[in-house]
Amino acid sequence: MRSMNDFGNDLYTGKVSFPFVGRRRLWFIIAAVLVIGSALVPLFRPIQFSIEFTGGSQFTVNGVVDADQLAATEAVQSVVPGAATKVATIGEDALRIQTDQMTDAETRAVTAALVETYDVDTESVSSSFIGPSWGDSVTRQSLWGLAIFLALTFVILALYFRTWKMSVAAMIGLVDVLVVTVGVYALFGFEISPAAVIGFLTILSYSLYDTTVVFDKIRENTFEDGESSGRTFGESVNLAVNQTLIRSINTTVVAALPTGAILFIGALWLGAQTLTDISLSIFVGTIVAAYSTLFVAAPLFSLLRENEPALKSRDARVLEARSAAVASA
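If you're matching positions, the sequence shown starts at 3 in the numbering used here and goes up one per residue.
It is worth saying that the hints were derived from the structure and are not from the lab.
A couple of the hints might just be wrong.
Cross-link-like lysine-lysine pairs, in silico, DSS-like; alpha carbons within 30 Å at most [stated by the list, open to error]:
1) K17 with K167
2) K167 with K88
3) K88 with K219
4) K314 with K88
5) K17 with K314
6) K219 with K167
The following label-pair restraints were derived from C-beta to C-beta distances [as the list claims (entries may be wrong)]:
7) G65 with R249: 47 to 55 Å
8) V256 with R164: 26 to 34 Å
9) R25 with D70: 50 to 58 Å
Just so you know, even glycine gets a beta-carbon here, dropped at the ideal spot from N, CA and C.
All chains should be modelled from the sequences, with the hints used to inform the complete structure.
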């Protein structure tokens, strides 16, 4: 039985090769379907933003174990009929209720209703208010953070790899990761909070790291290609992706396991809801980033370079020499 080490050696030498570049049209179609589908999801299932973005009122009920969440909704709506509510369990003995923006009188009435519903002291129910202007500020700062990150990424990659085409391919891969991750959030009704935004920036950084590792190997392979090389440019790119495949898989597994543990054990099983947003975004984004680097960014870079006159001429000579060798054999 072949070991993983033998499989990795075969990938590195080219004895075994997956057609990341050769079948790029299929991968691009799949990626386009995922991106378009993710972009259309909010039209049918709107993205859920947390109270920090939308503004509103928040109530916390402490000292309740295994509390009925529906009762909290009923208590709020007994004061403000039809009010939108989001109820979540925090830890083992607390409830968090988020609602639309309320007046001072409504806030006092809801507090009294929650005290009566859960039979707790008035001190056990706390309330806070987040205004729409603060939510607008959070949104604006998040967008600025994303824009600055992408701009710096483009410049740094262009300087490091000495070609803007690698930057373009990497940036498209990053946008692919972001759009699909947000689409997953919208599809399953996950809430986007400031913690989730931090998670998005984190997985973009992870995706950038993974892409840089693969692109560095691509640069090494293609730089070594000369007239004596028997590989076309696309074949050199494909070899580089295969040579880094095991590393990419291992890195993804190592990154996904701890965040998955935080998400499924800490957040969902133990009830640590404060960890859910950031761990969920990192878990989903890490998996999407691995696919994007291998099936989108690297094949796209090959496509951008293959039509350059010098490379096109060289590839033609390589293929011609290969055909002549086969004919004379």
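Non-conforming hints, listed in increasing numerical order: Failing hints, ascending: 2, 3, 4.
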